[in-house]
Amino acid sequence: MSTPKPPVTTPATAPSAQAIDSGKRRLWKARIALALLAAAFIAVVSVSGILLSGARIDLTANRLYTLSPGTVHLLDSNRTPVHLHFYLSEQAAQQLPQVRTYAQRVHELLQEMAARSHGRVTLDTVDPQPFTDAEDRAAAAGLQGVPLGTVGNTLYFGLVGNNDHGQQAVAPFFDPNKEVFLEYDIAKLISSLGNAHKPVVGLLSGLPSGPGFDPSSNSVHDGWAIDGELARLFELHRLQGNPKSIGDDVDLLVVLHPKELADDTQYAIDQFVMRGGRLLVFVDPYAESDPAGEQRGVLPGGKLSATSSSLDTLFKAWGIAYSPRIVVRDPGNALQVQPDPQRPPIDNPLMIGLRKDALNQEDVVSAQLAAVNFSTAGEVDLAPGSALNMEPLARSSSQSDLIDDIRARLLLGDPASLTTTFGANRKSYVLAARFSGPLKSAFPDRIGGKHLAATRIPANLIVVADTDVLTDRLWVNAQNFFGRRLLNAFANNGDFVFNMVDNMVGNTDLIALRARPGAARPFTRVELLKKRADASLQGKAAELQSQLTALEQKLAELQPQKSAGAAALAMTPKQSAELHTFQEERQTIRRQLRDVQHKLDADIQSLGTRLKLLDILAVPLLLTLIVLLVAFWRRRTSRDGG
395 MSTPKPPVTT PATAPSAQAI DSGKRRLWKA RIALALLAAA FIAVVSVSGI LLSGARIDLT
455 ANRLYTLSPG TVHLLDSNRT PVHLHFYLSE QAAQQLPQVR TYAQRVHELL QEMAARSHGR
515 VTLDTVDPQP FTDAEDRAAA AGLQGVPLGT VGNTLYFGLV GNNDHGQQAV APFFDPNKEV
575 FLEYDIAKLI SSLGNAHKPV VGLLSGLPSG PGFDPSSNSV HDGWAIDGEL ARLFELHRLQ
635 GNPKSIGDDV DLLVVLHPKE LADDTQYAID QFVMRGGRLL VFVDPYAESD PAGEQRGVLP
695 GGKLSATSSS LDTLFKAWGI AYSPRIVVRD PGNALQVQPD PQRPPIDNPL MIGLRKDALN
755 QEDVVSAQLA AVNFSTAGEV DLAPGSALNM EPLARSSSQS DLIDDIRARL LLGDPASLTT
815 TFGANRKSYV LAARFSGPLK SAFPDRIGGK HLAATRIPAN LIVVADTDVL TDRLWVNAQN
875 FFGRRLLNAF ANNGDFVFNM VDNMVGNTDL IALRARPGAA RPFTRVELLK KRADASLQGK
935 AAELQSQLTA LEQKLAELQP QKSAGAAALA MTPKQSAELH TFQEERQTIR RQLRDVQHKL
995 DADIQSLGTR LKLLDILAVP LLLTLIVLLV AFWRRRTSRD GG
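Count the sequence shown with our numbering and you get residues 395 to 1036, in order.
Since the hints were derived computationally from the structure, they do not count as laboratory data.
Yeah, the Cβ is synthetic: ideal placement off N, Cα and C, and Gly gets one too.
Incorrect hints may appear among the rest.
What the hints assert, rightly or not - Straight-line alpha carbon distances no greater than 30 angstroms define the calculated DSS-like cross-link-like pairs of lysine-lysine that follow:
{"id": "1", "residue 1": "Lys844", "residue 2": "Lys710"}
{"id": "2", "residue 1": "Lys638", "residue 2": "Lys844"}
{"id": "3", "residue 1": "Lys821", "residue 2": "Lys710"}
Unchecked claim - Using C-beta positions, here's what the derived DEER-type ranges look like:
{"id": "4", "residue 1": "Ala883", "residue 2": "Gly831", "range": "30 to 38 angstroms"}
{"id": "5", "residue 1": "Thr495", "residue 2": "Arg420", "range": "51 to 59 angstroms"}
{"id": "6", "residue 1": "Arg749", "residue 2": "Leu627", "range": "23 to 31 angstroms"}
{"id": "7", "residue 1": "His559", "residue 2": "Leu1015", "range": "54 to 62 angstroms"}
{"id": "8", "residue 1": "Val466", "residue 2": "Ala1025", "range": "40 to 48 angstroms"}
{"id": "9", "residue 1": "Asp527", "residue 2": "Ile740", "range": "55 to 63 angstroms"}
{"id": "10", "residue 1": "Ala427", "residue 2": "Thr1031", "range": "21 to 29 angstroms"}
{"id": "11", "residue 1": "Arg867", "residue 2": "Leu804", "range": "19 to 27 angstroms"}
{"id": "12", "residue 1": "Arg669", "residue 2": "Ala810", "range": "49 to 57 angstroms"}
{"id": "13", "residue 1": "Pro491", "residue 2": "Ala429", "range": "47 to 55 angstroms"}
{"id": "14", "residue 1": "His512", "residue 2": "Leu846", "range": "29 to 37 angstroms"}
{"id": "15", "residue 1": "Asp527", "residue 2": "Ala429", "range": "48 to 56 angstroms"}
{"id": "16", "residue 1": "His559", "residue 2": "Asp839", "range": "40 to 48 angstroms"}
{"id": "17", "residue 1": "Ala429", "residue 2": "His512", "range": "35 to 43 angstroms"}
Could you build the full structure based on these sequences and the hints that come with them?
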């Protein structure tokens, strides 16, 4: 019996040689296409990295990472390489969240400045760990180390800058409370290193502010503390007599107590300002430190008192209002004096002690100062029609008035009479101000030669209507310790003056820098909730607190009292029942008070929950929906087109 053979069949799906070759070609094409795409991606990334190097987008509300125009111009104009070393103790900073957050802000701003400097500012970050060479270098450079309690654990958070001329500048410690001036402080440090020489300060003084010979003691005496510090920090040129010109090398001219200056000297000051020089003026209706103080009143011929000073010709032409015969009296900021040792101190409204609220917190000169003291100061303002802009730096309280200088001299030794004769019209007066804008020469008739009829660039000048603010008696105790002068400051007059000089000797870009908003942004919605809750719940809380106080008084009366050395008195059943009732009511009131306090927290937590849901769910869902809609639209467009 024969076995039937199965039919021979050829699989219908068996690929042919031609199909295999075609598949291999498609595979190779796909591989080549992927390789080309990868190469194109790498090329695009490389080219964009070159073409878009330094490109940034600042999406913060306060433009935190966008440099001010003044800083940008300062970096563009700097030709001296500056090397910045940012010191931050990483381990120590981890213990302080506020410092850690602010350190990131400082580092990012430094990186932005370095990136914008065209390679002329380099930055490196140093972690000065305990007992290392880096810590020794930080301490040697003058950085301020803050001990954190742990042995050997010190926080360094500062900046050291060097240039190729061997100069060094230091920011000892970045205080988070001064964040609004962060950009200014760093820009000032870079600017100081961009100049190979100390700034030149010309001083034209009508007071004995510098060191000199004292005939009474037959010895050399030290000058004012402020004068000595200016000579140490800057190259101080003392102008003698009535100079007829101000050198072009002078970065800042300080005019102190100008009395009856010759026209040629005032013309020299005028032309110095016209060609772009910066000017700092201290005038005074009554300079108590003037040696001519014995000559009181008005001199023959209607001339000013020997202790008054003014730049009358220049001020009138420039649009600055100031009277050398008017003194500000401020009872709201009066300093206390003790003319009679047998009697308690009394207020002297002619001696004005300004605190933070009276000092401009938007200007780097006066911000962050706690106390500046004035004495028999005058007032400055803009004259009608002036082309200048005035920015007050220090001003009296709104309870101030004005008296003439002769009356101020007569009553200065009798402070009690100064507090009883105030008029009805009281207001605030400006004691020191910054003026800026275009100016015309006060001497238009002096033509020819190098005469300038107007300023080349907007003028920058500061006028302080007091000279006593510079004297040691109003801000510092100076002592001689084995030939070394020790200064113990009790007010910020010195900082006020040094800030003015330091700011004015800088270039115009640095002068134009102002305080900027900080990175911290208040939760305005939360603050609004707190205010609403306080307004609505304050009455209920006060009522409950009043009930609680009354109950506690009753409980104190019902509690068994003890006499000295005696046992507690027994309570009647009625008293015990009342005591128990009052205790229950007290617990109820306390519970209601807690509910009132927790209600605010509940509202804030509810807002936080809504914000989390918005950030975690709503925003991603919205983005996903947008992507799906775009994909659907593109697919539909391609289908309609095909």
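Hints and how they fare:
{"no.": "1", "hint": "Lys844 x Lys710", "in the structure": "holds, 23 angstroms"}
{"no.": "2", "hint": "Lys638 x Lys844", "in the structure": "holds, 14 angstroms"}
{"no.": "3", "hint": "Lys821 x Lys710", "in the structure": "holds, 24 angstroms"}
{"no.": "4", "hint": "Ala883 x Gly831: 30 to 38 angstroms", "in the structure": "holds, 34 angstroms"}
{"no.": "5", "hint": "Thr495 x Arg420: 51 to 59 angstroms", "in the structure": "holds, 56 angstroms"}
{"no.": "6", "hint": "Arg749 x Leu627: 23 to 31 angstroms", "in the structure": "holds, 26 angstroms"}
{"no.": "7", "hint": "His559 x Leu1015: 54 to 62 angstroms", "in the structure": "holds, 60 angstroms"}
{"no.": "8", "hint": "Val466 x Ala1025: 40 to 48 angstroms", "in the structure": "holds, 42 angstroms"}
{"no.": "9", "hint": "Asp527 x Ile740: 55 to 63 angstroms", "in the structure": "holds, 59 angstroms"}
{"no.": "10", "hint": "Ala427 x Thr1031: 21 to 29 angstroms", "in the structure": "holds, 24 angstroms"}
{"no.": "11", "hint": "Arg867 x Leu804: 19 to 27 angstroms", "in the structure": "holds, 21 angstroms"}
{"no.": "12", "hint": "Arg669 x Ala810: 49 to 57 angstroms", "in the structure": "holds, 51 angstroms"}
{"no.": "13", "hint": "Pro491 x Ala429: 47 to 55 angstroms", "in the structure": "holds, 49 angstroms"}
{"no.": "14", "hint": "His512 x Leu846: 29 to 37 angstroms", "in the structure": "holds, 34 angstroms"}
{"no.": "15", "hint": "Asp527 x Ala429: 48 to 56 angstroms", "in the structure": "holds, 50 angstroms"}
{"no.": "16", "hint": "His559 x Asp839: 40 to 48 angstroms", "in the structure": "holds, 45 angstroms"}
{"no.": "17", "hint": "Ala429 x His512: 35 to 43 angstroms", "in the structure": "holds, 38 angstroms"}
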